[in-house]
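There are 2 protein chains.
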Amino acid sequence: MSEIELLKTRILKDGKALPGNILKVDSFLNHQLDVMLLHEMGKEIAARFKGDGVTKILTIEASGIAVASLCGLVMEVPVVFAKKNQTANLGGDVYSASVESFTHNRTYNICVSKKYLSSADRILLVDDFLANGRALLGLSQIVEEAGAELVGAAIAIEKGFQGGGDMIRRKGIRVESLAIIDKMDDEGNITFRA
Amino acid sequence: MSEIELLKTRILKDGKALPGNILKVDSFLNHQLDVMLLHEMGKEIAARFKGDGVTKILTIEASGIAVASLCGLVMEVPVVFAKKNQTANLGGDVYSASVESFTHNRTYNICVSKKYLSSADRILLVDDFLANGRALLGLSQIVEEAGAELVGAAIAIEKGFQGGGDMIRRKGIRVESLAIIDKMDDEGNITFRA
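Those sequence lines, one after another, are chains A and B. Heads up: the first sequence runs through residues -16 to 177, numbered per our numbering. Heads up: the second sequence runs through residues -16 to 177, numbered per our numbering.
Some clues are possibly wrong.
Intra- or inter-copy, both count: the list cannot distinguish identical chains.
Once the Cα atoms are required to be at most 30 Å apart in a straight line, the calculated DSS-like pairs of lysine-lysine come out as [said to hold, decoys possible]: (1) Lys(-4) / Lys154; (2) Lys(-1) / Lys33; (3) Lys97 / Lys(-9); (4) Lys154 / Lys67; (5) Lys154 / Lys97; (6) Lys7 / Lys98.
Source of the hints: derived by calculation from the structure; they are not laboratory data. Small disclaimer: the values here were computed from a predicted structure and weren't measured.
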């Protein structure tokens, strides 16, 4: 079974579509982590961006870290994770962006120390979920602010019907999602984009 | 060079001892992640707990996730990360503990969904840092609450002079730290425990 089929099969088996367009995949992707599956996903992402000269992966805490780390292992590049709501420990010299969260109905800041992004970098964004695309947008703004090259974005699960992926693609950013969900209904049925 | 020497060498090269007993290692451990180094550390941890029948790794968001994931990959076991300040998404059915943070001078809650820890589990705690030991203590309480077996704790960097590791060891919990720092001075010198 291909890496993508592995993921889709797992979503159908263990994912739970809940009212309010919530997809719970916390048994393998964002609370409990099936790191073997994540490693396979990392291999697939690495294959898709092979030859693009990625020098660094940028993700966002917390649930992006695992898939980004396993992807970084396969691609042999370091991973930087953007922090939410900057702590004093990080120091003041940061790139930052504001992100609207629909899930939590609030706006938060993400930031990355200027030391870890440079204009010489070719950045791949990696995240577990893409829904409204606000987090990815914030990360892409940080890459732009750093003067680095944005190679694209790799996502485990895109909720296609929420439009964020298409919004990001319209900006000319390459988005590779391993599974795109086009429909979830109240009976818990999940339909993937063909 | 052994995995431990790799880590110690890196701490001396890239770590920064700051006033207030702060050790900044955000160039490779908790903001930018050297995933190749973390993988080597995972191999060393796996070797130390080989034969202990670990079924699952438990860590805490956010900076524990990377080292725990790479450790889980080597040990071929799933990883669960405790969430700070429970979100609505997680649902109500959780094990939780209260953790005092000295760095941020506040108390926060950590929680794990009851679905992902069972009395049949043999749990290894993994984290990037051990200082006062409050986070590790909270995780161990959650393991106890779940009725699971606590095999021990594996830590990347222990700040030995802050006493948390010894406090945890006095409770009879096996703690394996890859690097234990016994002294940091105001000139930025770092002394490892022999």
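**Study point:** Alpha-carbon proximity between Lys97 and Lys(-9), which holds within one copy, between copies, both or neither at 30 Å
**Key:** This pair counts as between: shortest inter-copy Cα distance 25 Å, intra-copy 37 Å.
Point to revise | Alpha-carbon proximity context of Lys(-4) and Lys154, limit 30 Å | key: This pair counts as neither: shortest intra-copy Cα distance 34 Å, inter-copy 41 Å.
Review point. When no copy is specified for Lys(-1) and Lys33, does a C-alpha distance of 30 Å or less occur within a copy, between copies, both, or neither?
Key: So Lys(-1) and Lys33 fail the 30 Å test inside a copy (33 Å) and across (35 Å) alike.
Exercise for review: Classify it for me, Lys7 with Lys98: is the Cα-Cα distance of at most 30 Å met within a copy, between copies, both or neither?
Suggested key: The answer is between: 13 Å across copies meets 30 Å, while 35 Å in one copy does not.
Practice item. Tell me, please, which holds for Lys154 and Lys67 at an alpha-carbon limit of 30 Å: within, between, both or neither? Key: The answer is within: 24 Å in one copy meets 30 Å, while 34 Å across copies does not.
Exercise for review: If the cutoff is 30 Å on CA atoms, where do Lys154 and Lys97 land: within, between, both or neither? Let me know, please.
Suggested key: Answer is within: at 24 Å inside a copy they meet the 30 Å cutoff, but 42 Å across does not.
Hint compliance for this structure: hints 1, 2 are broken, all remaining hints hold.
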